[in-house]
Structures are given as C-alpha cells and as structure tokens.
Amino acid sequence: MIAKKVLLVGNFGVGKTSLIRRFVLSEFSEDYISTIGVRVSSKIVKVGNEEIKLLIWDVAGTNDDEKIPKAYFLGASAAMYVFDLSREETYVNLKNQIEVVQELSGLKNITVVGNKKDLLTSNEIDHLIKTISVPVNLITSAKENENVEDAFTILAKQSLN
Amino acid sequence: MKKTTVDNKDNRFELLKELLLAEDRKDFKLLQEEILESQKFKLKVDPVIDEKIEDLKQNFPEYFGDNITESIKVQIRESQDEVVEALYPIMGKLIKKFIVAEITKLSESINDTINNKFSIKHIIKRLFKGKKTDAEDVLQEVFEPIIEEVFVIEKDSGLLAGSYSRGKIADKDMVSGMLTAIKSFAEDAFSKEGQDLEDIKFENFQLSIQNFKTIYIATATSGVINSDFKDELFDKINNLAEVVLRDRSYLSDEEKLNKIIIETFIKDE
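Protein chains in written order, with the numbering used here: chain A, 110 to 270; chain B, 2 to 270.
With the rest of the complex left out, here is chain B (with noise of 0.2 Å):
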C-alpha cells in the first residue's frame, strides 16, 4: 500500500527518535540487564545469606565467645574504675544479703551455745575443766573441728595404702600421688634437708602431714583447730602409724587399713 504523507512523518519522526535516543536506548537496557542480574542473583544469595545468619544465632557463641571474652577481659583491665563503679551496686547488694545470712546463721548458733553453756549442768562442768577459756569452749563448738580425710601413703612411691574420706573424691590414688610430689617440691625447694612439709592451709581445710620412716599420714581437717585438738590428732595420727608399722600387713591390705584408720580418727566422734 502507498503510504501517506502523515505515516511518512511519522516514520521520520520515529528514526528521529531511534537516532537520538539510540545512546539512551543502550543505557537503559544495560540497567535493565544489570536489574535482572541482580535479581536473578538475589534469589541464589538469599537462601545461603539466611542459612548462615541462622547458624550466626546459633553458634553465636561459639564462633565468638572467646573474642568477646577477650573483648570483655581488656575493656575490664582498661577500665577498671568504670568496671567497678558499674558493678558495686549489684556486688555490693549481693555480698551485703550474704554476710548479714551468715552473720543471723552465726549469732543463732553463738545464742545456742551460750545458753547451753550457762545451763546449771555446764556451770558444774565448768568448775572441773581445765585452763580452756569459754570463748575457747564457744568458738569450738560453733566452728567444730572434724577431720575430713584421712590417707595412709607410702613415702617414696606416694601410692596409697589407706584413706578415709567424708567428702567424694574422684581418684584418690591420684590425689595421694600429686599430694606426694607437691610436698617432695616443697621440702626441694624451700627446706634444709632432713625437714619435711607439716601443714598446708587451702581455703577452709588445714592438711597436716606427719611424716614417718616409711609413710606418712595427711589429714585434712575443717573447723576451728585449738591446740586440744591439734594434740588429740597426733596423738590418733602416732597411734596409727605405731599400729601400721608394727604389722606391715596393713599396708598391702586397703581394706584391713582403712576399717583400722576409721576406728581410730572417727569411731569417737
């Protein structure tokens, strides 16, 4: 068909416009492209990103308690004044409502003792005891002294013979054995020769250790000590150990030993 005037306008008018626009027109569809790159490539990524924030939430801890820790320890050694500003309110609260516990729980029981002491019977008593002060006699029955573990060990190899124990400990043959080498390190290193290590005091335990020819006896005790008590274990400690090496048979049956040093530090109590 013959084209009109117009439609020769118009064609003109529309390769004006792809002539002009032609640059724009390239433009446009690489933006488009790009979009739908993109697009395209957000549907891959977006289950891989949300697997992994996933498994940041979970594993958190994991992949970043030691930076933080670390994070923490430096800011506290760094800031030590803040630290402890922030902290004293809550700390100080906490430790308050434990020593006035502590110190009701002590005064009941210093109240008891107290009562008991001035009863006519104890009065009685009184006047047949020894040199024993009454804060002595109170103090030792508030914070009683007991033995909480007894062991028999052979001196050289520190392998265990016998033991009594009131708490629950997990090896005591290995126990015995560092023991045996903790006191072989402190006699080396701080005693002249021919001196052995005595007393260890850790936390509310005082451990003694006797030594003998070819054992030794540790005790580890909890309470107040006095003197009284202190004299009355060395006399069972010596007791013992006079029993042991008179029979050496104790020392290669556990079971004979351990009914023997039972009788002895706690069949009293």
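For reference, chain A alone in the conformation it holds in the complex (with noise of 0.2 Å):
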C-alpha cells in the first residue's frame, strides 16, 4: 500500500481538527499536541482501485508568530488550507498564507477548504466565495459531516499526482 504524507494547515480554531475527529480517531494526548503544535493521523482512503494510507499532519497555525517548524511541511505529497467560513481572519490574507505553505512545502497546488458551513446561509456563503482573492475547492461542516470525506479524498487523489 502507498503511504503519503498530507498537510492540513490554517489558522488557530477553523475546525482542522474537528475535520480529522470526522475522518480518523486520534490516540494522541492534546496535551501532547499543543506543545509541539502537530498531530499525525493515519487513515486509508481509496482512491479508484488503488488504496492509499494517508499520513495526516494537522499543523497548527502558519502564521509567522507561530513559530512552527519548518520541517512539518517537507515531504508532504499534497496539503489542504482549511478557512472558518464564520470568521473573517481566518481568510482575509488567504493568497499570503497560501503561497507560504506552498513556499514551504514545495508544492503547487493546495486544496482550499471552507469548514463551519453550518453557521452560514447559502447566500451568505455564495457572496462570500465571491469575495475571497482563491478558488474555494470545497464547503465543508465538521460539525454536521458534510463533505468531510470528500475533502480527504481530493487530498488523495492530489496525493497522487
């Protein structure tokens, strides 16, 4: 079986770990994780025929005050920028924090997620998308499971590539 390592990056509160409590159950203590501010899940996903042990590193934060290791971000085969759809800040510099994890990935191209759908109208969310500067490849809501698992299976297939 491939194994392959993912990000999930964004900032401080926008459901990235509640995203993962949806997809995997993690063993790690949070006491454990908020000290050296990753979590590694492990979950297979199928993609096609092919079955793909995705290695998941919940990066908390890329802000430049959070002082995070560079070296999270090195061999990762895809990442996702996951956003709070309810809170400004979380998206308003979002082509900057994108290119940063690019920068320091090494990758091209990042799947965009917007999570906590759940607290927004459709036409909230319509006008929303319409304003934020990068194509949003998906809404998603932990809290009510919606497209979760398609979130993870696009950052396999993109895995893949």
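Possibly wrong hints are sitting among the right ones.
Quick list of in silico lysine-lysine cross-link-like pairs, BS3-like style, CA-CA up to 30 Å [what the hints assert, rightly or not]:
{"no.": "1", "chain 1": "B", "residue 1": "173", "chain 2": "A", "residue 2": "152"}
{"no.": "2", "chain 1": "B", "residue 1": "122", "chain 2": "A", "residue 2": "152"}
{"no.": "3", "chain 1": "A", "residue 1": "252", "chain 2": "A", "residue 2": "162"}
Sample of chain B residues at the chain A side, in silico, Cβ under 8 Å [unchecked claim]:
{"no.": "4", "residue": "86"}
{"no.": "5", "residue": "157"}
{"no.": "6", "residue": "160"}
{"no.": "7", "residue": "164"}
{"no.": "8", "residue": "166"}
{"no.": "9", "residue": "168"}
{"no.": "10", "residue": "172"}
{"no.": "11", "residue": "175"}
{"no.": "12", "residue": "178"}
{"no.": "13", "residue": "182"}
{"no.": "14", "residue": "183"}
{"no.": "15", "residue": "186"}
For the record, the hints were derived by calculation from the structure and aren't laboratory data. Everything numeric in this text was worked out from a predicted model, so none of it was measured. Cβ coordinates follow ideal geometry from the N, Cα and C atoms, glycine included.
Work from the hints to combine the two standalone chains into their complex.
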C-alpha cells in the first residue's frame, strides 16, 4: 500500500482538528499535540482501485508569530488549507498564507476548504466565495459531517499527482 | 309530628353547636381536603421519585463522577498533609512489598550470574577478555540490553520505510510520523543549525536516532546499555544504512527492508 504525507493547515480554531476527528480517530493526547504544534493521524483512503494510507499532519497555524518548525512541511505530497467561513480573519490573507504553505512544502496545488458551513446561509456563503481572493475547492461542515469525506478524497487524489 | 320540648332543646343545642363551631368545621374541611390532596399527590409522585432514585443508583458515577473527582482533587490539593498521612500506611506497605519482591528477584539473578562467572570455564575466559570489569559484566547479564524496536524512516516526510518490533505497536506509520515531528520540534527549538536529535530517554527505553542523508534510523533499547553494546548497535545501524542507501529499492519494498533489518539487528541475539 502506498503511504503519503499530507498537510492540513490553517489558522487556529478553523476546525482542522474537527475535520480529522470526523475522518479518523486520533490516539495522541491533546497536551502533547499543543506542545509540539502538530498532530499526525493516519487513515486509509480508497481512490479508484488503489488504497492509500494518508499520514495527515495537522499543523497548528501558519502565522509568522507561531513558531512552527519548517520541517513539518517537508516531504508532503498534498496539502489542504482550511479556513473558517464565519471568521474573516481566517481568510482575509488567504492568498498570502497559501503562498507561505506552497513555499514551505514545495507543493504547487493546495486544496482550499471553507469549514463551518453550518454557521452561514447559502446566500452568505455564495457572496463570501465571490469575495475571496483564491478559488475555494470545497465547503464543509465538520459539525454536521458534510463533505468531510470528499475533502480528504480530493487530498488523496492530489497526493497521487 | 309535633316536636317535644326535649327535641326543641336538642335542636337549639345543635343550632348553637353549628353557630359556634362553624369556623372550626370550615377549617377542618379545608384540612381534610388538603390531606386528601396531598395523598393524591403522593400517589402520583411516589413512582416518579422511585424511578428517579433507581436512575440515580444506576447512573450515579455518570451524574456526579466529575464533581466528586473534582472535589477529591481539591481536597487532596488543599489538605495534602492529611491525605499523605492517611495514605502513607497503605502505600508504604505496597511499596515495601514491591521493593522486597524486586530485590529478591535481583539478588537471585545476581547470585546466579556470580556463580556462573566464578566457574572454572569463565575464569579461563576472563583471562582472555579485555577491559570490561566484573561489575559491568554482572550488570550487563542481569539487565541485558535488548533491541526492542527498529524504525527506518524517510527523513523529510516521516514515512516509515521498514521496521522491526518486539512489542505490538498499533500504528507504526503514525508513530514514525509523530517521532519525526518530535525530532523536528526538538531540533528546531533547542539545536543550532545542522545539529540533530540523537537520544531520547523514556521510562525503561532509550531511543537512539542516527541521521543519514535521506533517512534516519531510530532504535529503542531496554536494559543496561554499556559502551560495547552502544558501539555494536551503531555499527549495525551504519551497516544497515549503507546497504539501504546503496540499493534504494529497499526503501520502496517494505518486506525486503524488514528482512534486512532482522538480519542486521536480531539474528545474532
């Protein structure tokens, strides 16, 4: 089975960990995770006839003020940038933040996901997507388990390219 | 029928009673109604209360577990001396029992090793051995160092290329990912550029990490690790790295790599 390292990045509180919790069950303690700033979880995903073991590195934040070791981004085959649809500060600098992830990871394509769909109306979401500087690949709700599986399938497909 | 005088008197008496006790009767009636009402209420409420009590009996830990734990924590925090005093006799006995058992085991093991070491066969052997002291010899045999785990991990991605494990690790891929993350974190936080994390001590285990160009090899060992064992281990790690880095097909064939790990580290044991 192929194993791929994939990244999950985005500001604090956007719901990255909730997305992972919906997708896999993590066994590491929270104290540990907050100390080193990353959580590694694994999940087997089927893409076509192929099974891929995703090693998901949930990196806490990408801001300059958050001292995250650059090594966390190395060797990744795909990355998902998650922002919170209900908090402007998590997508106001989306373009720059994605460029930072691209630079650190060496990846060209980053899957952009807007989470917390359940907190906005469909009109608000449509309007918001138009105003955001980068194309949004998927809108999810970890709380209502909407499009979570799809987001990770996109990530798995991307890791094969 | 015409009423007699006596009848009239009785009636007057009754009338007087009615007049004088009217208020009391009203109170009595009210009291009676109240009692009846409360009896009716009791009949309605009794089963509900029984049900609640039963529910409380069944689910007490769930309802109050957290509060009780919290109260105990607070109590322990605020009255540490009293708690220690109360627990000391019990804990002391348990610890004493455990230590006695462990020392007995240890002394048996040391006796066996010493008897063995002073046999004619070993005295002759000792004449030919190098610098190793008898104490080192005995310690090494009592707490024999054991290679518990070997992980060959891709340096950047943290992906596991191959491994050997004596224990049962549920998800080795996740462990190698977290180990890589911890390694990166420690190197980033404490080291100067170009320096690598090499040793982690955890309970009875010593984790050694040897870095190579594209991979790193992590080994977990238990027991008393002396310099000879360490040298031997590093030799084995270097030999494995040499084989793997010369023929990169090992890194894409987990089964093949696992075989060579066992051949390198375990077959001599």
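Consistency of the hints with the structure:
{"no.": "1", "hint": "173(B) <-> 152(A)", "verdict": "holds, 12 Å"}
{"no.": "2", "hint": "122(B) <-> 152(A)", "verdict": "violated, 56 Å"}
{"no.": "3", "hint": "252(A) <-> 162(A)", "verdict": "holds, 24 Å"}
{"no.": "4", "hint": "86", "verdict": "violated, 31 Å"}
{"no.": "5", "hint": "157", "verdict": "holds, 3 Å"}
{"no.": "6", "hint": "160", "verdict": "holds, 5 Å"}
{"no.": "7", "hint": "164", "verdict": "violated, 12 Å"}
{"no.": "8", "hint": "166", "verdict": "violated, 16 Å"}
{"no.": "9", "hint": "168", "verdict": "violated, 15 Å"}
{"no.": "10", "hint": "172", "verdict": "holds, 6 Å"}
{"no.": "11", "hint": "175", "verdict": "holds, 5 Å"}
{"no.": "12", "hint": "178", "verdict": "holds, 3 Å"}
{"no.": "13", "hint": "182", "verdict": "holds, 5 Å"}
{"no.": "14", "hint": "183", "verdict": "holds, 6 Å"}
{"no.": "15", "hint": "186", "verdict": "holds, 4 Å"}
Consistency note: the structure conflicts with the earlier hints numbered 2, 4, 7, 8, 9.
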